[in-house]
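2 protein chains.
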Amino acid sequence: MTIHIAVDIGGTRMRAASYPIDSLIPKASNRIKTRKKNSTSIERLEQLIESVWPEDDDVSAIGIAVPGPVNTAKGIIEKAPNIPELSGLQVGRIMQDIFNVPTFLGNDANFAALGEWKFGAGRGHHYVVYLTISTGIGSGVIINDQLFTGATGFASELGHTLIDPSGPICSCGVCGHLEALASGTAISKWVTEQILSGAETNIVFDSNSDEPIPGNIIADAAKEGDALAIQVFERAGHFLGMAIADFLHIFNPTIIVLGGGVSQSYSLFSEVLYESMQSHVMAPEFLDNITIELAQLGDDVGLMGALAYAREMTASIPDE
Amino acid sequence: MTIHIAVDIGGTRMRAASYPIDSLIPKASNRIKTRKKNSTSIERLEQLIESVWPEDDDVSAIGIAVPGPVNTAKGIIEKAPNIPELSGLQVGRIMQDIFNVPTFLGNDANFAALGEWKFGAGRGHHYVVYLTISTGIGSGVIINDQLFTGATGFASELGHTLIDPSGPICSCGVCGHLEALASGTAISKWVTEQILSGAETNIVFDSNSDEPIPGNIIADAAKEGDALAIQVFERAGHFLGMAIADFLHIFNPTIIVLGGGVSQSYSLFSEVLYESMQSHVMAPEFLDNITIELAQLGDDVGLMGALAYAREMTASIPDE
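Respectively, the protein sequence lines represent chains L and B. Letter by letter, the first sequence follows residues 4 to 323 in our numbering. Letter by letter, the second sequence follows residues 4 to 323 in our numbering.
Some hints could be false.
Some chain B residues close to chain L (C-beta under 8 Å, calculated; not the full set) [as the list claims (entries may be wrong)]:
no., residue
1, E160
2, H252
3, A286
4, F289
No wet-lab data here; the hints were simulated from the structure. Quick reminder that beta carbons are idealized off the backbone N, C-alpha and C, glycines included.
Construct all of the structure, not just a fragment, from the sequences and the given hints.
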């Protein structure tokens with residue numbers, strides 16, 4: 004039997020699983036910490052893949068989702084903010100040399116888009132915009148049944164779309180990007196600022212702590228009716244609606260898929276998001292047939308995407 | 004010999020030309036007014052195509068560029084602001100029934116992008132973003148050697164990308180789109196406002212006239228050193244640079260092609276545009292290998308695009 008191995012490398016953990024060609028149920032799976040004393044992330048990645056390698060079956064390909072932009076032209080991770088030692092490395096080529104099977108590298112948000120399209124909320128659609136809203140805002144786009152990565156692999160960085168040039172500074176250094184206005188980090192920062200400015204709230208805030216207020220604390224407060232907590236989610240929804248109107252003008256998709264931690268509080272901001280999207284769209288035709296859906300694959304989305312990519316890439320490689 | 008007929012329908016004039024399969028030099032071409040008393044635009048379009056129809060050769064296909072969004076799913080012009088009688092019509096189907104050859108309809112800016120990619124500034128590139136900056140801002144995008152039109156034909160309306168929500172109102176009714184900040188109309192409006200607010204300038208302005216100040220008057224003043232005229236082009240360049248940074252994040256192209264009347268004054272704002280693009284890009288990698296070029300096909304761009312599309316579509320239709 005032919006097996007594909009999918010790997011999802013995160014800042015704190017990396018996961019791998021081996022899948023039979025006709026199944027989404029892994030034959031084997033494993034999860035380890037990304038970093039450990041006395042071993043490199045590359046060594047740990049090798050061990051992880053080895054741990055799910057099938058004894059009796061052939062492996063067709065390995066797909067690896069990585070947290071950072073992948074230069075597809077050079078086959079390297081351009082930047083891995085959470086795992087600096089991987090930056091600039093040809094991780095795919097290194098694993099291919101070790102295991103002697105085709106190995107495909109991709110950005111985790113791009114692979115997640117592919118996973119949601121193939122196996123999740125985007126099934127049956129041909130044009131999909133996927134946003135994962137958590138610490139930052141990642142994204143991936145399916146165009147005409149293909150993952151869109153642009154000329155060198157950097158396309159569809161939709162979290163870094165300008166929404167308001169007078170807005171707060173983004174993780175990338177530019178002011179007013181969507182990520183700086185509607186990510187989990189942005190939500191936490193805005194609440195902190197409001198509390199420090201004297202806003203009333205039931206959210207407990209330790210002004211001596213350097214830790215941001217956790218998103219679930221704010222979400223819980225909103226569900227209990229806390230006005231400030233409700234306001235910050237609606238604020239995020241407002242900016243997301245503006246951005247999604249832009250994405251409709253740009254990509255003319257039939258579905259927007261929302262994933263990531265913040266999307267778990269979607270009911271707190273869906274109404275404002277829709278209103279904002281409708282009032283920012285250039286013509287009502289752009290709203291025809293569009294649906295906004297929550298992602299379905301949860302924490303497995305990176306693995307599922309890496310699997311989808313590995314399967315797709317080897318479907319086009321003829322057997323010897 | 005096989006002939007393709009290309010048509011470009013504009014608000015005031017429509018043009019057509021017939022091209023041998025291996026040439027960009029028309030066998031016949033013609034230009035007439037779009038509207039005339041006692042005849043419909045459809046009748047005039049039929050007469051125009053007839054006037055370039057070859058006597059002895061076969062026609063493989065007709066390509067028609069129209070000034071408005073084309074719903075490719077339904078095959079209709081969704082809206083033709085300058086030729087309302089065409090709105091909602093299946094112009095392609097109507098001509099196909101009259102002339103009995105495959106007829107392909109497309110948005111003029113999309114076709115222009117295709118023309119510049121096939122025959123103009125974008126040759127050799129696989130990922131192209133084309134902007135035509137004139138009264139409004141139209142655009143088209145080539146992705147992986149294909150014209151990108153989205154799920155229903157409305158994609159890549161880049162003139163309606165949000166740049167500053169506190170900016171002026173756009174032709175579509177939404178505030179702060181690129182078109183409202185950097186089109187010819189926006190340039191003229193801003194200069195008018197500044198003059199009415201007492202700004203000093205050598206630009207002659209008739210406050211009794213309802214006509215906007217023509218762009219070439221402002222461009223001439225800028226070339227003669229008029230501070231206000233220089234400022235308005237740099238202002239447009241600033242916003243274009245912000246938008247292009249977004250387009251790099253979104254499409255990761257290798258070339259930006261600038262066409263339309265305002266781009267003829269590119270030397271007045273190219274420096275500011277570059278600075279603005281560089282300071283608004285999320286990471287320097289997005290600037291690798293990117294070039295900004297002026298469009299090369301001038302007024303023929305719509306015809307050339309319609310020709311390219313007709314040729315491309317019939318290349319995939321097998322001969323009977």
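Original post:
Can you give the numbers of the hints that this structure goes against, from lowest to highest?
Top reply: none
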